[in-house]
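Peer 1: If you count by the numbering used here, then the sequence shown holds residues 410 to 512, one letter each, in order.
These are calculated hints, taken from the structure and not from any lab test.
Model, not experiment: these values are computed from the prediction.
Idealized CB from N, CA, C, for every residue including glycine.
Check the hints yourself; a few may be wrong.
[Said to hold, decoys possible] Just the calculated beta-carbon pair ranges, DEER-fashion:
no.: 1; residue 1: Glu450; residue 2: Phe477; range: 14 to 24 Å
no.: 2; residue 1: Glu447; residue 2: Ala500; range: 23 to 33 Å
no.: 3; residue 1: Ala500; residue 2: Arg425; range: 32 to 42 Å
no.: 4; residue 1: Ala500; residue 2: Asp456; range: 38 to 48 Å
no.: 5; residue 1: Arg448; residue 2: Ala500; range: 38 to 48 Å
no.: 6; residue 1: Asp456; residue 2: Lys420; range: 44 to 54 Å
no.: 7; residue 1: Thr467; residue 2: Ala500; range: 32 to 42 Å
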Amino acid sequence: MKELYKLYHNKMKERRTTRKLPLEQREIVILSLYDQIERKEIWIPYDEVRKYVFSKITKIVKSFENNFLSCMLNLKPSMPKDKKSIIRIKATVLSKRRLSTFS
410 MKELYKLYHN KMKERRTTRK LPLEQREIVI LSLYDQIERK EIWIPYDEVR KYVFSKITKI
470 VKSFENNFLS CMLNLKPSMP KDKKSIIRIK ATVLSKRRLS TFS
């Protein structure tokens, strides 16, 4: 599971996005994960790995957003769970980005 999150997060950083990856990029992540599974000599059908990854994408993206925002704002890893706080933090990050582009 850690490998999946790490692969997906790295691909998101590479593409500079906080949203779901395009299908081609998700397939690259799935292939990389499947290669790691095969190297450990574990046999799992590719379709099962693919289904599992697709079922976890929303959680992976949310975890990336939380980690990304905490790094951007130099906060502790535990982010507030209520939506208002998260929206406020996102607005702060976006306004800082806009100000830095005009500087």
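Peer 1: Taking the CB of Glu450 and the CB of Phe477, does the distance hold inside 14 to 24 Å?
Peer 2: This hint is violated: roughly 34 Å between Cβ atoms.
Peer 1: Using the Cβ atoms, figure out if Ala500 sits within 38 to 48 Å of Asp456.
Peer 2: holds (41 Å)
Peer 1: Using the Cβ atoms, figure out if Thr467 sits within 32 to 42 Å of Ala500.
Peer 2: Violated, since Thr467 and Ala500 (Cβ atoms, about 22 Å apart) do not stay within the stated range.
Peer 1: Determine whether the Cβ-Cβ distance between Ala500 and Arg425 falls within the hinted range of 32 to 42 Å.
Peer 2: violated (20 Å)
Peer 1: Taking the beta carbons of Asp456 and Lys420, is their distance inside 44 to 54 Å?
Peer 2: violated (21 Å)
Peer 1: Quick check: does the Cβ-Cβ distance between Arg448 and Ala500 fall within 38 to 48 Å?
Peer 2: Since Arg448 and Ala500 have Cβ atoms about 43 Å apart, the given range 38 to 48 Å holds.
Peer 1: Kindly confirm whether 23 to 33 Å is satisfied by the beta carbon distance between Glu447 and Ala500.
Peer 2: violated (44 Å)
Violated hints, listed in ascending order, are 1, 2, 3, 6, 7; each of the other numbered hints is respected by the structure.
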